[in-house]
Each structure stands twice: as structure tokens, then as C-alpha cells.
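Asker: Here is what each chain is made of, one letter per residue.
2 protein chains.
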Amino acid sequence: MANTSTVAWQKRPAVPIGDDTLASIEKYWRASNYISVGQIYLLSNPLMRGEFTRDDVKHRLVGHWGTTPGLNFIYAHMSRVIADRNQSGIYIIGPGHGGPGLVAASYLEDTYTETYPEMTKDEAGLAKLFRQFSFPGGIPSHVAPETPGSIHEGGELGYSLSHAYGAAFDNPNLLVTCIIGDGEAETGPLATAWHSNKFLNPKTDGVVLPILHLNGYKIANPTILARLPEDELLSLFHGYGYNPYIFTAGFDDEDHISIHRRYAELLDIVLDEIADIKARVESVDAQEAERPLWPMIILRSPKGWTCPKEIDGKQTEGSWRSHQVPLASARDTEEHFETLRGWLESYKPNELFDENGTVRPDVVSFLPKGDLRMSANPHANGGILTKDLVLPNIKDYAVPVDVRGGSVREATRVLGSYIRDVVRNNPTNFRVFGPDETASNRLQATFEVTNKVWQADYISPRVDEHLGRGGQVVDSMLSEHQQEGWLEAYNLTGRHGLFSSYEAFIHVIDSMFNQHAKWIRTSREIEWRKPVPSMNYLLSSHVWRQDHNGFSHQDPGFIDHVLNKQHEDLIQVYLPVDGNTLLATYEYTLQTRDRINVVVAGKQPAPTYLSIDEATAHFKRGVSIWDWASTNGADKGEPDVVIATAGDVPTGEALAAVDILKTEIPEIKIRFVNVINLLKIQGIRENPDGMTNEQFDAIFTPDKPIIFAYHGYPWLIHRLTYRRSGHKNIHVRGFIEKGTTTTPFDMVLLNNLDRYHLALTVLDHLPSLSAAHLDVYEKLRNARQEAKEFTLTGDDIPVVRDWVWPEARSLSNKVDIDATVLTAGDNE
Amino acid sequence: MANTSTVAWQKRPAVPIGDDTLASIEKYWRASNYISVGQIYLLSNPLMRGEFTRDDVKHRLVGHWGTTPGLNFIYAHMSRVIADRNQSGIYIIGPGHGGPGLVAASYLEDTYTETYPEMTKDEAGLAKLFRQFSFPGGIPSHVAPETPGSIHEGGELGYSLSHAYGAAFDNPNLLVTCIIGDGEAETGPLATAWHSNKFLNPKTDGVVLPILHLNGYKIANPTILARLPEDELLSLFHGYGYNPYIFTAGFDDEDHISIHRRYAELLDIVLDEIADIKARVESVDAQEAERPLWPMIILRSPKGWTCPKEIDGKQTEGSWRSHQVPLASARDTEEHFETLRGWLESYKPNELFDENGTVRPDVVSFLPKGDLRMSANPHANGGILTKDLVLPNIKDYAVPVDVRGGSVREATRVLGSYIRDVVRNNPTNFRVFGPDETASNRLQATFEVTNKVWQADYISPRVDEHLGRGGQVVDSMLSEHQQEGWLEAYNLTGRHGLFSSYEAFIHVIDSMFNQHAKWIRTSREIEWRKPVPSMNYLLSSHVWRQDHNGFSHQDPGFIDHVLNKQHEDLIQVYLPVDGNTLLATYEYTLQTRDRINVVVAGKQPAPTYLSIDEATAHFKRGVSIWDWASTNGADKGEPDVVIATAGDVPTGEALAAVDILKTEIPEIKIRFVNVINLLKIQGIRENPDGMTNEQFDAIFTPDKPIIFAYHGYPWLIHRLTYRRSGHKNIHVRGFIEKGTTTTPFDMVLLNNLDRYHLALTVLDHLPSLSAAHLDVYEKLRNARQEAKEFTLTGDDIPVVRDWVWPEARSLSNKVDIDATVLTAGDNE
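Residue numbers (numbering that gives the first Met the number 0), protein chains in the order written: chain A, 0 to 827; chain B, 0 to 827.
Be a bit skeptical, because a hint or two may be false.
[What the hints assert, rightly or not] Think about it this way: if two alpha-carbon atoms lie no more than 25 Å apart in a straight line, the pair counts; the simulated BS3-like pairs of lysine-lysine are:
(1) B:K737 with A:K529
(2) B:K727 with A:K703
(3) B:K703 with A:K727
(4) A:K635 with A:K619
(5) A:K737 with B:K564
(6) A:K787 with B:K127
(7) A:K737 with B:K127
(8) B:K564 with A:K564
(9) A:K619 with A:K564
(10) A:K727 with B:K727
(11) A:K127 with B:K737
(12) A:K737 with B:K529
(13) B:K787 with A:K127
(14) B:K737 with A:K564
Just so you know, these hints were derived from the structure itself, not from any lab.
The structure presented is a predicted model; accordingly, all values stated were derived computationally and were not measured.
Turn these sequences into a full structure, and let the hints guide you.
Answerer: Rendered as C-alpha cells:
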């Protein structure tokens, strides 16, 4: 890597920007616009040399022009200022439709040719470059993983600014320029992302320079922010905590050089203001570095800037009509073709490209070199900067298990101690994200070694516990969108993290997940993109234990959602049942790359069943027979029935069902199976890491009834086992949207996942019921009815806590349930 | 209904608010706080009369206190001002955790007892009221459908302000007070919802009064907005277009009466300001009624206001520690119990309740009566105000079908003409919502009769086409969250609408959908809640035709997502294949109530296959055999194979496959089935509207191969047909996340949904292949390979347009494809 020795946050000597530089910027802008238009329209003859006809125009004109010239303008100027100051910077493009512009930029910086050598810097290369855009076998129309320098696609709008801040965290010398389109600015996630400045430490984090690009129009409408009175516009951004500079250009006949001079001067003012802020905090402790009003730029320019002012008698430049392909009939009609020719010629390509079609040196003379090129900055290919985490030994955090089902603990609190030390060991390479739920989800041990970052005002330590100007926990903003966006970018720039959320509300980011999963899936197929740390979800406060909240907080469907994006080992779903299995799970997931790990775990006091060694072995297998919970005798012979489980509450109820059955019908042979790696039960046809039919049958049997007690919506188990020979024998119990707000035991009763119902289901599927069995059947039905009346109408003691696994029961009537006392700090 | 004759927007005579009124307000506030605390803590002895012990405290203390006293304060004052002015108003509570407060309010207004007569206005009734809260068999802890006066649960945060504006649209005399918690204010959807004022017509719509409640804390953290410097806070809301009034109380020892006087005076100022705005627009045309700076209130008060200042030596009132249940050990420890007793006694219950436990008259003397009570306002039970739409006859919009597969049309454009007249016929009872996609999704015919509502600035008619100060299309804001929230509330207050979105990005509102579906599901089970108009989604720009955008815009998974909420007929999914079937679908869905209708339809030029009568008949059946596309002879005998289809692109490809097969192997007997009502293929066990096994087998056969060409992710078809006897014979082809950005035909090729692959799959599953068949097999493989090379590497002509159904082909080589020309206005 060349030129990695950047100099951060220098001020520029107070000398005017040279005319030659401004002339070069103008040529660069024309060249990048030309190359952008060329990609959208031209099939061949990229420089219009010799005979240039409608046959040189693509048959299908797809893509978007409107946002592109503004992006090209900004890119030119950011490149100049970066070169002038040797400032490392990356560029995040909210308007993904500007794909052609970013390809043009990296082509002009040579990064494109370095990355894709067939795209040579001559007429033949240009022809290929133009042709491939949004073309069969070519590249996507957006700023995609294929685009060097990008960590953000912008296909779905709303996340650019969150990504920018996530990239800046713990990168104190990095400038992240973020272009926010005025369409995107109307989305919810973007509208709240401006407050990210309350979580950025001016000393230990990098700088985000937001450029709000008011080109005035979306698809077919004006934009709100472009149509506010100026006092409202400026107030809004002052209110968000910025110092906004408005820059307007392109609406009159001002000379381009004059525009460039004005913008370059503004950019130097803004960069100097940033340098001053950075200089002020240089000598203070990070915990004393207070939030400044960060500068931002509001750039007003015409949508489609430099395209024809009118087409077919209708205003095009400066209107929504330039959003997509303004000359849709350029191949079909001579009139549109001639307009296109004139448009292309307006950039004077012969001044920009030499006789070989190579870009002339004065077009690019002001650009930075090596890694200073935004399209080559290593932060935008985070895998090459990724360092392994320094992980502690999970055995040091293990719950001792003297008897199975003893050692009642909150699983996520057990994990919390481990995560605390991951935080400590990796002070600039690991963060914990969450929407105000870190303590609720029991990860508060992390506060022993770090702060929750908070750059808004303080009142007093009596209420502001664990808040600090900097810190590795980022959870003081109630926005799943923000937390997801920050962590996505933290991952994509090569750092590690964990996102803890309530299970139900992780659906808030369903669509962000879709986009991120598509990005990672595509990146895995691009050789030059190196693997980045995985996205780790910790979903707690799950469907079965919404005691304080009830129906509105119950939804286990994120698992279903992520599986629509399953591809090779991209998506993983884990359902650890206790503290030790959760430790084993996280030890592994934190070491993976380019994956999305969904871990669902309880935060309520629950028994520990496996020692840490057993937990580790179980995790490695993914699916295990738990002999100690099975009743099929010392010979471990064929069972009468298999009870399979996945998830902590279902496993507890299923164990209780076994306990009941083996008391009532000692001769019944039950095999007890627990699934921790949910996708392991898939066949190897669907999942290379799945089980062969032989392996599956060896555990689940090919022909015995399988009663499957599952954490989520039952259908998923049928889907995952669809091709198994025994799939007809699988009877799944899970969440069926029978919500309640009262006791955990209500939940399992209402959703038919309780011990009695599971035991009855076992009896239902035995090949034959003896008369004795019928008595048991009746007894269980009565017990269930009694429990129902008791829990649903009578009193509010949580029956579920009364049951303990026999080993623990034999030890003591009162197992170690001290951890069950909720403290005031454990709100939910 | 009493007192419906309200007087809107009157100013109050300038006389001071009487001391007796202020004294009543204070008593009311104490009473509502007492009843709130009682619900959270007390199992029995609600008025602490006689022996009051720890046994009177609930075993499990669940629920949330922190937000409640502020809500009660606001409710008291809004009631006073509503009574004073005879102003119809509803109340939307962002903080759903304030459930106890809203139950207390409707109990004090008598609405609760009118709705639930067992909750009598005496000590016995109070005991029941307290006990039922978040208790087995009782009511949810949130402001839920069970709560009279509510249209908003607030379980998941972010949507209160969108709901408030949606309720205000077309209700010119309705005041919608919206309490936004400072936690909720940090979410993305809420942060952008402030801009809803750019879509509210001051004359023809109602008024939203936002009250931002800065109680300072979320679950375990301070809130951002409460910790901004005041200039930033005020700037922010001025920037959002409001005139903010800050009111602070509760942080010192100011007398409560003094606080009430100040707040009541402020409220009168604000209501007078609103009355002035309304008066100004009274005489102007709605299209001239310009956006004012609407007033709003920022209320700073301590979280947990009036609870103990300290508990266990830690600050509780005015801190996050009061968020949930501040005295978690009130049953377990004498110290906490005594604190609770003191807290309850601080409200002086004996001054509030008489010897029978009935609320004393002076506590409630200032409250409004009848429908003026916010808990009894009919707008909050919209079903009782719902009027049927005046629907035109779909035959007037039908596409003539002289030959099958002729009459190429854009299906959604056909629907657009019909929707135009629904708009025209129902000027205050129907709106079209969408995130800047109305024209892109081809519903622009609506602009012939209405405007896109726009209350931001105008430039000129050259660019501001179809914008107006008022209008029935609400699509000029790029936020799926806003559009969804507005329409939800428009529905819940009894009006009709349609939400058109790109299919992929509807996932943005996955989580909102979850909450809305839960609300409707629960409401259907509450007798006094009357059915409201259904939520109608029109998903276009679908996965198969993202020609301009590609992979990031491809996701058909919303169908999978909604099905996790299937319950009775709550969820419906329709996949019409052409303009006529889409008309038939919408004619029906617009007449349904209390449902969620997901309609996926193409916007690209496509053949029309069914006449309007056939389309209507097909829609009524839900699933039909298309004899005209089948090849199993005149006797309609048993086929060799069934080709089933759902969705426009899969149907087109499957018809092409039949065309190929019947040419190549005339003796092959294919039955062609189309599914328009997707859930119809379910069994009646899963769906009361599904098909019996006999009905299913009569169409799909119990034993023949079924090649199913499906619009979305293939697994869903397996799920829906899981219990069918022939389910092993079903071979589904659908979207497998093979994205591309080029031609439609690439898409079907890459995802194995193309005509060649479908035809080959038929051959694969025929019981035996003759030598002649093997030749055909080879021929098809070659044709597919050739198509792949052609489309993926060679040229960019969309092969898919070359194929037409034989009948249309025989008529003309050039079918009516004029509609295929994209105009500049049809951006996407």
C-alpha cells in the first residue's frame, strides 16, 4: 500500500487555490460526467469518433442520471482537499443511483483499472466500461460491492449517515464524507441519524462531514428539505447539532470556474474548522472531549446538472424529469439521439481524452495518490484491516454445574462477564451496540470496564451512571436503525461488535438486514473484497418472557426472515439454552467472518444444564442427544419417541414433560435431543454444514414420532426438515401468536408448549396406548386444566418456577435462585 | 351518542380559569395517579381501608410507572380544555407503557364502566380494576385495543405522530393530541414524522397538537432531546415547522395548583393560536390554505413524577429508575411496603373516593361529557363511523381481450383508472398513499381528479405538476414508515385507502405491520370494537422487473413475513396476472374489513389473458384450471403433469413453456392452473377459506407431478401445501436470490424460472421419457444455453418480449405494445 502515511487534520496554508487546479477540477468534473453519461447510454464508440450513430446507443437505457453530476462535483472537490492535506478519507454515497459516477471516479483515479485490468485506460477500455454498466453480465447500476471504495450501496435509502458514523468510530484520523440525498433525508432512519453526533468522541473517533445534497427532487416529486424556508432549514440542522453552510450553484449562468473557486474555498473553511476542533481536543483526555457543533454543507444544485435544460419541451435539468434516463428514446429517434450527442459533446471529450482514449494528465493532476484516493482507501475494504479479537477463555466465565438443572442463572448475564473482557481486551476493535437495552439484556458487566458513550449534556452522577464522553458501549439512543447501521459500518471497516436487541423489535431492521445480507453475499464472491467480521445479533427479552409487556413485544419471526437470505454458510441461527451454551456460542461467532449470526438467548433466571466442556462439545456438534435426559435405558436402544428441543423455554418445558412421563410411565423410552445450531437439521443439499440423512436419522430416527418443542413459529421446523424421511412424524409446538401479558407459564399454556401438552402429545403419538396410559392421559389433562385455571384466573405465582429438574430437586428444594431477584437496574 | 354536536375551534372567553376548576384538576390528577399505582401494585384492598398489608400487594409486579403521571397530567388538562370549548378530540399516547394511566382516565370518565360493566364505580369495582392489570386473564400492560379511546398501542415505539396525522386527515373538526415520549422521539420513524405537517391542509384536515414529553429518561439512559442545549432544542422544532412552547414543572417545590394554572393558561394560548389559524383559512379555498407554523408543547417534567424521590438511597423520581416498577420488593420487604403505602397515601385517597369507593363528584366535575370524553370519542372506534366506499363498476375499466395474450397493458395502470374514480367518488373517505411511487407504480390517472398534497414551498407549474395544498394522494414524502402510519390511522378512524410500494422496500415496515396485525387481530375479538376498513397493500415494481435497479431492489419476502400473522381470514395474499384480474382483486379487497390484503402486481407491459368476466370468476374461485392453456385434450382427462402458476412473470414463462412443449410433444397432457388467491391452496385446517383435500386434488391431482412457477421464495408453496397428499410431487421454482440488473429474461434464467427450465422440469418428472422426448430434452437444453449466452453476454434486447401466446401470435406479429414505451414521467 502506497502513501499510508497520512497526516491527519492539518490546516491548509492560507494561499489561494491555483487557477490551474481549478481548471483541472473543471476538466475532471466534465470527464466524470462524460463517463457517467457514457455508461448509461453508449453501447460502442465511447468517444464518438468517426461515425457515431443510433446504433452506438444501448437498446435498453437503464440507470439513473439525476443525482450523478452532483456526486461527481463533490468527489472532485473532496479529492482536491484530501490531496492538499494528505488526509485519509472515505466517501459514502447515500444516493446509490449515482453508481455511474462512482465508477467514473475510480476509473479516473486508476483504481478501477487496477482492480479490473481489462478496463484499460484507452478507448477499448472505455468501451468495455460503458458497455458493462447495468448490462447483461456486467455490473449493477448502483454503488455496489463491485465498486472500489464503497461500503454502502444506497439501494434502499436511509442508512448512509449511520454508516458514516459507524465507519468513523475508533478511526480518529479518518474523514468520512457522507452525501445525503434530499430524498433519503426524508426517511425515518436518516432523519434520526443526524443525532449520531451525540455519540462521536472528537478525540478518539474520526470525523463525519455530512453534505446534504438538495438537488430538489425525488422520483417524481420535489423534496421537503429543498422546499423549506431557509430559516427553517438552517434551524433544523442547528437543532440537530451542526453548523450548516449553504452553498448554491447551477441555477444561473455563473461560470464553472467561479463555482469551483467558491466551493473549494468553502471546503477549506470547513476542513479548517474541523482541524480546529481536532486541535482543541488533542491535549485533553478523551473523557473530557466535548461535542462541538460539527460543520456540515448543504449543497443546492439542479437535479441532473449539466444535462439538457429541456427535452421534448419540458424542463429536464433542475427537475424530477432528470431522475432516471432523460432521453429514453435516444436509440429510437433521431431527435433524442441528436440531443444526446449534443449533451455528450458539451463536455468536450477531446479535451479530456487523448488520441488513444486515455485520460489526459491535466484532468487528473490534482488527485491524491495511492491509498489517499478515496476509491482505494483500505477502510473501504475493511477485511484487509481486520484484526482477530483477543478473546478470553470462556472457562473463566463458566457456570459451575454440580447438578444438572441447578445453578440458576440469567444466561445473558453470564455472557455479559465474558463480553466485558472482550471489551477490555479490544479497546479500539470491539463495541457493543443496542437500543437502550444493554442493561435490560443483562450485559451491564461491560460497564465495569467501559462507558456508555454520551456526548449530550450531563446532569449528575446520581442519574448519569456509566455514561462517558467516550466508551465502547453505544446504546444510549433508542433506535434499532441507528444501532444496526453503526455496527454494519463498523464491521465493514474491519472491526467487531455485537448488537443486542429485544427479539420482537429486531424486525425494525428487517429491511436493513436484507440489504446488508445482499452486500455480504455479493462481497464473498468478489475476490478483492476481503472477509470482514460477522454481524452478531444477540436477541434477548424473547417471545416467551415478555412478562412486563406482553403481546406487542412477542415475535420470534426474525429467524424466519433471515433464512430467506440463506446461502452457503452466510446465515447462522443459534439457540443456546443456558449460560454455558451461550458462552460456547459467542466464543465461536466472534471468530467468524462474512456471516450473519443470529443468537437468541434468555435473560431470565434459568437452570444450567451443561458444564462448559459439555456445552462446547454440544455446540461443536450443533445437535446432540442428551442421554441424561433420555429414558431409553442404559443400552441407549431405539426409543419409542424422540423429544427434540430448540430454545431455552421449550427445552425447560420438554424436560419437565420427560420428568412427568418417566414418573408416570417408567417403561416409556424417550430420546431427548437438543438443537443449538438450528440449521444443522437441514440436509446437506440446502446447507453444506447440515446433516446427511444418515446422521439425521441416527439422532432423530427415520420412523419414530418426533415431538419438537421449538422457540419460534412452528412452520420453520417443517421447512428445515422437509426432505427428511421421518418428516411426517415431526410434530412441532412453538409460538402460535397466542399472546398474553402475565406469567411465563401462561405463555407456554396458551401456545401449547407446556409440559403437560408436550407429555400428552407424546402419548398421542405412541403406537398404542395401554389402559394404564389412558389413566395417565386423563391425569395429565386434569393437571393441565388445573394449571390453566390456576395461572389464568386464580393467582399470579409463576408456576413455572416451581418445577426443577430431578437432580437439582433431589439436592435441595430451594435451588440457587438468588439471581432471580430483579433489581431496579434491570428494567425492561 | 350524546353530545356529538361539538363546536370546533372556538376561542375561550378571556376569563381566568376558576380556582375550583384548578382544584378539581389537581384532585383528578391525584386520583388518576392513585388508580395507576394501584393497578401496578395492588392485588386487593384498593383503598387501603382497614388492615392493609403486604398480602394486598401483587406477587409479580409488572408494568411501568415512569411515563404515567405525565400522561395523567396532560389528560386532565386536555379534558378541561375540551370541555371548555366543546371541541371534539382524541388522544394518542406514544408511550404505550402508560397503560395504567389511560385505564384510569376512562374509569374516571365512566367510559370504562360503560364498556366493562363489571368494573363498577365502587370499592369492589376498583379492586377488580387493579387486579386485572397485567394479570392472568386480565388486560395488557399497554394502551391496547382493550383500552377505550385508543387507536395506538405504543408497544413498539415510533409511530404515534404518524398515527396522529393519519387520524386528522379529512377530519377538519378533530383535535388529535399526540404525546411523544422522548425515548420514542429518538426512533427514525418518529424523527421524520414531524414533517407530516407538510401534508396537512389547515382547512380540510384536523389539527395535530404534538406534546413532546421530555421526562428525561428511557429504560436506563437519559434521552437525547432532554439533554440538548435549549437553543438546539427550540431550533430543531422550529426547523421541523412548529412553534414550540416549553413548559417545565416538577423539579422544584412549586405548588401543584400553581403548576396547573400555568399549564392551563399555556393550553389556552395554544388552543387559541390553533383557533386563529383555523379562522384564517375559513374563508379561503382549500387549495389556497397554506401551512402555518403549528404550535406544539414541550413538557419537561420528572420521570415518575410524584413517586418517592429516593428508594434504597438512590434517586428515583426524576430518573430512569422510575421507568418500570420502582418498588420491586413491595410484597417482600416491609421497608418497600411502607414506602409504597406512603406513596399511595400521598394522593390522599379519602379526599378522592367516598365511603363506597366511588369517585367524589368534585374530582371529575370539569370533565367533558358523552362523546366529548376522549375515551368515548367515536373516531377512536372508527368502525362505527365507517362508510362503504362508492365503487365504480370494474367493467368500465376492463381491458378488452379479443385474443388471449393480446392487449398488452401495464396492469397497475389499468387499476389506476379505476382507482381514479374511487378517488373521485369518495372525496373525504379514500386516499392513496405511497413513498413517491404513485406514478412509478402507474397510478397517475388519479392525478386527473385530485392532487398530490403538498404544503411545502412551490416553485412553478413547470416542475410542480399535480401538487396541491390539498389532495387525496399522499405520496410526496419518501418514507414507507410515514405512509404506513398515516394509512393505519386513516383506517383505524374508519376511512379507506391503499398503500402502493415497491415490493422489496415494503420490508421497511415489517415491524409496523406486525404491530398493526396484532392490533387488528385483537380488535376482532373485542365485541365493542367495530370492524374498520382493511389495510390494502399494492406491491408493484416487483422482484422480477427491477430492470433499472437490480439486486438491492429484489425481495419478494413480505408475503412470507405477513403469513406469520395468519389467523382466520386476517391475512390475504393475491397475485393477479394482468389488468383484469387486478381489477377484480381490488374491487373485492376495497369492500373488506379488518383484514390485511397484500396484492402483488406488475407495472410493466404484459399480455392480458382473461376477460373481465373470466377474471371475476377466477378471482371468486381463487384457483382455476385454465383449460385454454392446458393440453390435456377435449375430454379434459387426467393430465400427465400439472403446471401451476402464481404471479404475472411466472405465469408468462409457464405459458411459454406449454407453448414449447405442445409444439415439440403434441401428445403430452398438461393441465394449466393459476392461483390468484395464494392462501386458497392451504387446507381448511390452516385456513377456513382454504380448499378441502378433495377440492385440491380435483385441481392439482393427488399423484401427478406438479411444476409450480411461483412469484416469491419457493419454500412458501411447500409450506402452504404441506399436508396435501400430492405434496411430494410439487416442484417449485421461484426467486432464489440470484439477482441481476439487466434484463427481465436474465432474472428468470438465473432463478430457473424461465420457459426452457420449466419445460425441462416437466420432462424431468414425466414417468418415462421416450427417445423422441430425449431429443426434445437436448433441444431445450441447447435453446436455454443459447438464450443464456445471448442474454447474459451478447446483447441487451429483452428476449422476453419476443414471445407471445399463440392466439395473439396468430393475429399479428406485432401485438399492441404501444403501452410499452416508457415515458419520462414513469420513472422508477
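Asker: For each hint, tell me whether it holds in the structure or not.
Answerer: Evaluation of the provided hints:
no., hint, in the structure
1, B:K737 with A:K529, "22 Å, holds"
2, B:K727 with A:K703, "20 Å, holds"
3, B:K703 with A:K727, "20 Å, holds"
4, A:K635 with A:K619, "22 Å, holds"
5, A:K737 with B:K564, "11 Å, holds"
6, A:K787 with B:K127, "20 Å, holds"
7, A:K737 with B:K127, "24 Å, holds"
8, B:K564 with A:K564, "20 Å, holds"
9, A:K619 with A:K564, "23 Å, holds"
10, A:K727 with B:K727, "11 Å, holds"
11, A:K127 with B:K737, "24 Å, holds"
12, A:K737 with B:K529, "22 Å, holds"
13, B:K787 with A:K127, "20 Å, holds"
14, B:K737 with A:K564, "11 Å, holds"
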